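Following the hints, position chain B against chain A.
Line by line, the protein sequences give chains A and B. Per the working numbering, the first sequence runs over residues 1 to 110. Per the working numbering, the second sequence runs over residues 1001 to 1112.
Since the hints were derived computationally from the structure, they do not count as laboratory data. Remember, it's a predicted structure, so these values are computed and weren't measured experimentally. Virtual Cβ for every residue (Gly too), placed ideally from N, Cα, C. A few of these clues could be false.
Stated by the list, open to error - Straight line, CA to CA, 30 Å or less: simulated BS3-like cross-link-like pairs of lysine-lysine:
no., chain 1, residue 1, chain 2, residue 2
1, B, K1099, B, K1071
2, A, K55, B, K1058
3, B, K1057, A, K3
4, B, K1058, B, K1109
5, B, K1109, A, K55
6, A, K57, B, K1037
7, B, K1071, A, K57
8, B, K1068, A, K3
9, B, K1109, B, K1068
To be verified - Partial selection, computed: residues in chain A whose CB lies under 7 Å from chain B:
no., residue
10, Y10
11, N31
12, E69
13, H97
14, F101
15, P103
16, V109
To be verified - Some residues of chain A that are not near chain B, with every Cβ distance over 10 Å (derived):
no., residue
17, Y50
18, D59
19, Q99
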Amino acid sequence: DVKVTQSSRYLVKRTGEKVFLECVQDMDHENMFWYRQDPGLGLRLIYFSYDVKMKEKGDIPEGYSVSREKKERFSLILESASTNQTSMYLCASMGGHEQYFGPGTRLTVT
Amino acid sequence: GENVEQHPSTLSVQEGDSAVIKCTYSDSASNYFPWYKQELGKRPQLIIDIRSNVGEKKDQRIAVTLNKTAKHFSLHITETQPEDSAVYFCASFHSGTYKYIFGTGTRLKVLA
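Isolated chain A, as found in the complex (with noise of 0.2 Å):
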């Protein structure tokens, strides 16, 4: 079974403050993906990356980079939390077509 885990469940931060959020894979997958979701916009695309230091923007990367050092890891960094940052986070691998998808982390910017 693919295992794709994220660093934290639940996280509170305060405005300005640098965020990392982290995500592991364990099935060798080249592309992996972070999304933000909030009650009724689904699933919107921040950041994607094809291979070990390689990122695509998404649909809303403003406000956030990522990292991929490794290829069983990509890391979601918001600079400089906003409020407007608060939302459900979820990083997924996919292996073949179908994306796997992390637990997610659900971030509150206060």
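Quick look at chain B alone, frame taken from chain A:
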């Protein structure tokens, strides 16, 4: 930009009835159309998918149809059960760009 429209946003059906969720995509180069189910508090999981060279696919009580000309695809659930209650997401995928685009989701409630 490219998008996927999904309707309805909420759907309530009586147990045993059928449910249909519809999606329309804009990227004509998309070649793979999956459906994910997300139960409350859990991660989305793939339940069925269809490729662009196929018009219909069925797996027990669920089926997906694709109309490439109209850029429509639909999820059909027959004989619904309470455990079908969840949020369902459609998506389109372009294998050339690795771009996955999700619909906004449909909250299905199956009433016992």
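Structure-based check of all given hints:
1. The suggested pairing of K1099 (chain B) with K1071 (chain B) holds, with an alpha-carbon distance near 17 Å, which does not exceed 30 Å.
2. Distance hint between K55 (chain A) and K1058 (chain B) is unfulfilled; the C-alpha atoms sit about 36 Å from each other, more than 30 Å.
3. Annotation: proposed proximity of K1057 (chain B) to K3 (chain A) holds, straight-line Cα distance about 27 Å (limit 30 Å).
4. Taken as a hint, the K1058 (chain B) and K1109 (chain B) pair is honoured in the structure, with Cα atoms around 22 Å apart against an allowance of 30 Å.
5. Distance check on the hinted pair: K1109 (chain B) and K55 (chain A) sit about 38 Å apart at the alpha-carbon level, beyond 30 Å; violated.
6. For the hint pairing K57 (chain A) with K1037 (chain B), the CA-to-CA distance comes to about 25 Å; that is within 30 Å, so the pair holds.
7. Taking the CA atoms of K1071 (chain B) and K57 (chain A), the gap is about 25 Å. The hint holds against a cut of 30 Å.
8. Note on K1068 (chain B) and K3 (chain A): the hinted pairing is violated, with a Cα-Cα distance of about 34 Å set against a maximum of 30 Å.
9. Under the criterion of a C-alpha separation no larger than 30 Å, the hint pairing K1109 (chain B) with K1068 (chain B) is consistent with the structure, at around 29 Å.
10. At a threshold of 7 Å, the smallest CB-CB gap from Y10 (chain A) to chain B is about 12 Å, leaving the interface hint violated.
11. At about 6 Å, the closest approach between the beta carbon of N31 (chain A) and any beta carbon in chain B falls short of 7 Å, and the interface hint on this residue holds.
12. For the restraint placing E69 (chain A) at the interface with chain B, the shortest Cβ-Cβ distance is roughly 20 Å, beyond the 7 Å limit, so the hint is violated.
13. The beta carbon of H97 (chain A) comes within 5 Å of a beta carbon in chain B, closer than 7 Å, and the hint placing it at the interface holds.
14. Taken as an interface hint, F101 (chain A) checks out: its beta carbon lies about 4 Å from the nearest beta carbon of chain B, inside 7 Å.
15. Here the hint on P103 (chain A) is kept, as its CB sits about 6 Å from the closest CB of chain B, short of 7 Å.
16. Given the 7 Å rule on beta carbons, the hint for V109 (chain A) is violated: about 21 Å separates it from the nearest Cβ of chain B.
17. With a cut of 10 Å on Cβ distances, Y50 (chain A) falls inside the contact zone with chain B, its closest approach being about 5 Å.
18. For D59 (chain A), the condition that its CB be more than 10 Å from all CB atoms of chain B is violated, with the nearest at approximately 7 Å.
19. For Q99 (chain A), the shortest C-beta to C-beta distance to chain B comes to about 6 Å, within the 10 Å cut-off, and the non-interface label is violated.
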